[in-house]
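2 protein chains.
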Amino acid sequence: MGRTNHQYRLAARPVGLPTPADWEYVAEPVAEPGDGELVVKVRYLSLDPAMRGWMNEGKSYIRPVGIGEVMRAGGVGQVIASRNPRFAVGDYVSGTLNVQEYCLSDGTGLTTVDPALPLPVYLSVLGMPGMTAYFGLLDIGRPEPGQTVVVSGAAGAVGSVVGQIAKIKGCRVVGIAGGEQKCRLVTERFGFDACIDYKSQDVRTALRETAPDGVDVYFDNVGGEVLDAALARLARGARVVICGAISQYNATDQVRGPANYMSLLINRASMTGMVVFDYADRYPEATTELAEWMSAGKLRSLEDIVDGGVRAFPDTLLRLFKGENTGKLVLKVADE
Amino acid sequence: MGRTNHQYRLAARPVGLPTPADWEYVAEPVAEPGDGELVVKVRYLSLDPAMRGWMNEGKSYIRPVGIGEVMRAGGVGQVIASRNPRFAVGDYVSGTLNVQEYCLSDGTGLTTVDPALPLPVYLSVLGMPGMTAYFGLLDIGRPEPGQTVVVSGAAGAVGSVVGQIAKIKGCRVVGIAGGEQKCRLVTERFGFDACIDYKSQDVRTALRETAPDGVDVYFDNVGGEVLDAALARLARGARVVICGAISQYNATDQVRGPANYMSLLINRASMTGMVVFDYADRYPEATTELAEWMSAGKLRSLEDIVDGGVRAFPDTLLRLFKGENTGKLVLKVADE
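Residue numbers (the numbering used here), protein chains in the order written: chain A, 209 to 544; chain B, 209 to 544.
Simulated from the structure, these hints should not be mistaken for lab results. None of the values given here were measured: they were computed from a predicted structure. Be careful, since some hints might not be right.
[Unchecked claim] Now the in silico label distances, taken between C-beta atoms and shown as ranges:
id, chain 1, residue 1, chain 2, residue 2, range
1, A, Gly399, B, Glu500, 52 to 58 Å
2, A, Gln409, B, Ala459, 49 to 55 Å
3, B, Asp461, A, Gly354, 34 to 40 Å
Quick reminder that beta carbons are idealized off the backbone N, C-alpha and C, glycines included.
Please work from the sequences and hints to get the whole structure.
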């Protein structure tokens, strides 16, 4: 096709925050699809806190990205060549497209999507963050109407959806986010009952005021001190959902374990880890319900789109760990 | 009755390990029972790690012992005077008798027991430790035949019963205990498949060898580094039962939180706290089954009885936190 594919490969395993030396920027010709294969022109890439974990060696819930491999990323794009009967040229697809401009794929894990909706929505509410919020809250958190749900990372891709679903389910919802601007977004745009600014407030004290009956469900995206503050305010029988720990992903010394974990005993509470991929066979059920809530105006999505092309990937990723994004962080790779 | 009751009252809230200054030794006349009351002569007192928590101020699963109050303790004894129709003079009873020689009670929480069994058994396998092991393992740990169950404090009152029940249920059982002698007891007397000596072995490495397929159920009595080592070796879908954290009860700086808690996410595992009192209405069911296992020779009890009288309570309690007891630590208060 004579096209050139730019991509980022993992050059080294980072210590702490990823640096430019951890990446290799490569240009190579776009290959012609073989039998059963297709080529997707990447339009948008999803930037996720979990990416940091994929860059580490060692056992995790998913194979680490190998040194020299293209960095793993979810994305949405358009089919420009296909020898796979499931996909036609012109189709829009979402799936693991990786940090590059063109993705040669055998179709595994790719799903066609309806371009009537803005494509970035397939990386936020109707993508992994939405699935994570839906199953993490409803399957593991199991909130009941009238209960108090607290969510950290409340202005982020997952947290904002968790809180909105909890509101739909009749709960009192308190967010935790960094900065006045994010907190205003959380209450005004996403409709949470309250939002605690962990940068200017003592979270434990603020929870005493905003969740006076204790925390029935705590959905944790951040770990660290915020997790400890939430543990200190659990209600009897509370469920803590461990979805992420963004405050700890770049720790160069030991991870800060939750010193207040004995609150689980005092309150007969549980703390459970969740990985969204386990729910893959139920994504359609979640997608249907989330899309219905969106079209009914009960659920709002917010994407923070950086129009920088693949070249901007390393810098854009760092925004996640500096708490600079609001809503789902998306990298725009190509206009069309 | 002209008898004198010696008792220990809480004089101060300890910082770190309790010291003599935290106790007041008091002698007072034994009161005559009023209408509905009875007097129990205490024979044996139960010494439990949880006692340390009862001495602290602040929210817990049970009201703290107040300054100036008799120290709370479970015990077994004999009724010597009664104006309560449920109890006759000569009956043996177990319940909260507190750290004293005679207990004046309205009968609340007291149960008559059969003196055909040695009385200390009602403080171990057929008492709180047995109930804790039974419900913690079976209700929260939910082991399946062939799965691997790991128990810390394996030579202790709860841990030794947890492991034996897990063996009865067809599991592979690995204990963790301190010292060669305790480890030998755990494998030889209690029939565990293996026992790791945390004092001489690296627990994480030893778990790789003794639990090669990972840990399906981890029953934690100790917290600290041992909890972290077990978290590092969880199997997919593992259940961690938080029953106690004896390594942390006397910490004067902050409790050491489990740095490896993100293993809950990687392994889709859960960590759940349990308080035995929640199962009070099911004690009879557990007692029946535990007694059957005992009489069938499948379940062995071991009491570490200190014949020191009430006077020896403060020193004897410290043995728990120094890891000096083997099996259920019991203080003998009176011969008969």
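Against the structure, the hints:
no.	hint	in the structure
1	Gly399/A <-> Glu500/B: 52 to 58 Å	56 Å, holds
2	Gln409/A <-> Ala459/B: 49 to 55 Å	28 Å, violated
3	Asp461/B <-> Gly354/A: 34 to 40 Å	39 Å, holds
In summary, the structure is inconsistent with hint 2 from the numbered list given earlier, while agreeing with all the others.
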